[in-house]
Amino acid sequence: MTLQNLFTSRAFWSRPQRSSAGALLVAGSLLLAGCAGSSPADPGTASPAASESATPSAPATQTPTPSAVYKPADASGPAQNVPVPVLPEVAKTETKEGAEAFVRFWYENLSFAYETGNTEAFIQISGPGCVFCNGLKDGISEAWSGGRWISGGKIETPAVTATVEPGTEPYAVVQVIQSTIEIRNADGTLLQKPTPATNTGSRAGVTFGASGWKMTDLGLIR
Amino acid sequence: MKASGLKILCAALIIVLLTPAVAFAEVSVGYEDRGLTVGADQWTKDADTGKLVRAEPGAVVTDPNEYKYELQCHLGGGDFDTPCLGRQLDCKDREDGAKGIPVMWLSRPRGVPGAVWAHHSGPTCLYDAKPEDLLPRIAADIQRQFQNLPVNAGSVVAQPSPNTLRGAETNFYAEAAEQQFDITMFGQQVHVVATPVQYTWNYGDGTVFGPQPSMGGPLPQDRWGEKTRTSHAYAATGDFQVVLTTSFQGTYSVNSGPPLPIPGQGQFSAPPQGISVWRSLTRNYADDCNANPQGQGCPGGGAPR
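Here the protein sequences line up with chains L and Y, keeping their order.
Residues in the first sequence are numbered from 0 upward in steps of one, following numbering that gives the first Met the number 0.
Residues in the second sequence are numbered from 0 upward in steps of one, following numbering that gives the first Met the number 0.
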């Protein structure tokens with residue numbers, strides 16, 4: 000299990016320029032899978048032998064191999080080939096649209112962290128003083144420690160509205176939907192009762208600097 | 000005696016040793032959970048301006064989501080998802096003949112413009128010929144029902160009581176608890192949970208304190224007279240009637256559906272508690288009763304002047 004986890008993160012960090020293409024492919028196949036109406040989690044096809052054969056050499060071949068296909072986590076192991084979020088061009092601009100695209104991108108990276116245990120990407124685009132961001136990082140790291148992995152916990156942001164006006168700190172109001180979270184022990188058993196799905200409103204304070212947007216003040220709307 | 004004392008000590012030690020392991024098992028990892036755990040800023044919509052403002056610490060927390068239900072397997076209009084109907088929840092008709100209809104519950108955050116509805120829970124059963132508008136009917140009436148429930152406001156405890164001294168801090172605290180009720184509304188079983196959230200003290204001498212979130216708490220006897228968050232010092236002697244009014248927040252769940260917030264709070268008052276305020280006089284004497292048997296409080300002493 001740890002092996003797969005390492006593989007996911009290594010593939011992500013060593014070949015960032017290829018991963019975006021991979022992400023598109025995976026996204027495309029996901030869309031197709033969605034049309035077929037099949038359930039995304041299919042524990043029936045999970046075979047530890049198949050996942051172990053997914054060696055880091057696989058992405059070197061030009062044709063997509065079955066191992067490059069995104070597979071969500073389940074009781075048998077963590078997610079594989081999780082698409083790496085891609086920063087859209089518009090998210091680099093200091094505009095309302097830019098802030099909205101950035102906030103969506105931030106949550107994609109958070110979702111990526113839940114699925115892979117790799118929190119580096121979303122922390123890199125968070126301000127050091129963002130208490131909630133650091134809290135999320137610690138929670139995810141704790142869940143993923145000791146050979147454990149997270150199944151579920153994916154995040155969607157169907158509604159994002161930013162306010163970028165001169166004289167005020169820019170912020171966005173976000174709807175954050177997170178699916179049920181299961182933390183699996185190395186032997187596949189549940190660490191604790193699953194965390195139920197949530198549907199939350201958040202206020203995301205963002206700051207535009209030399210390196211683009213950063214999430215600087217994240218809070219909950221109650 | 001000694002042996003049993005040791006046993007208790009050992010039991011306490013074991014509990015202490017076990018506790019960290021239990022606490023360690025609960026990883027708060029969910030987005031919302033984590034935000035509440037680490038104390039992320041909380042924002043509320045200002046009722047007047049509609050703008051988001053930082054919530055004041057200690058403010059009463061209301062459910063930030065709103066809820067609705069849809070008929071299970073309903074696709075909209077007259078269309079139903081046929082494969083879904085095959086595995087639909089089987090709502091047995093009730094003994095009184097009411098037909099059971101399975102529904103799915105959805106929720107969305109209230110403070111987010113354009114928020115979409117997402118699955119919350121269910122399916123559960125509703126019993127009504129027109130389940131579409133059942134919830135609005137219940138919602139319209141729940142506040143009145145809530146206020147009419149026999150909710151116990153809690154009891155008032157005063158320290159010291161029933162007599163206290165003028166000018167001294169008298170510690171008042173409430174003993175109020177969560178209460179649950181089962182009522183029938185429009186033919187549905189409605190389960191109501193009432194939680195005390197705010198307390199108003201009317202000390203009977205014209206002083207009103209609250210509403211505020213502290214129910215206060217007991218003081219050990221050797222600390223009576225200390226000022227507490229809910230204590231009061233009477234300026235005059237006399238008999239006073241102290242009335243506690245407790246504000247309850249409620250949730251209601253229809254036929255085991257999700258707990259839905261009751262919009263307004265319910266106010267419930269406890270029966271008045273009488274307290275007598277006395278004055279005290281202090282007189283100092285240089286000698287004891289042996290030297291001055293006529294001193295006040297001494298066996299041969301005279302009546303207080």
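Just so you know, not all the hints are guaranteed correct.
Cβ pair distances, simulated, as ranges [to be verified]: (1) L/Ser210 <-> Y/Pro210: 41 to 51 Å; (2) L/Gly211 <-> Y/Met184: 33 to 43 Å; (3) Y/Gly77 <-> L/Ser140: 43 to 53 Å; (4) Y/Glu25 <-> L/Val130: 45 to 55 Å.
If you're looking for bench data, these hints aren't it; they were derived computationally from the structure.
On a predicted model such as this, the values are computed, not experimentally measured, just so you know.
Glycine is no exception: its CB is placed at the ideal position from the N, C-alpha and C atoms.
Hints, one by one, checked against the model:
1. L/Ser210 <-> Y/Pro210: 41 to 51 Å: At roughly 48 Å between Cβ atoms, Y/Pro210 and L/Ser210 fall inside 41 to 51 Å, so the hint holds.
2. L/Gly211 <-> Y/Met184: 33 to 43 Å: At roughly 54 Å between Cβ atoms, Y/Met184 and L/Gly211 fall outside 33 to 43 Å, so the hint is violated.
3. Y/Gly77 <-> L/Ser140: 43 to 53 Å: holds, 50 Å
4. Y/Glu25 <-> L/Val130: 45 to 55 Å: violated, 20 Å
Against the hints set out earlier in the document, violations occur for numbers 2 and 4.
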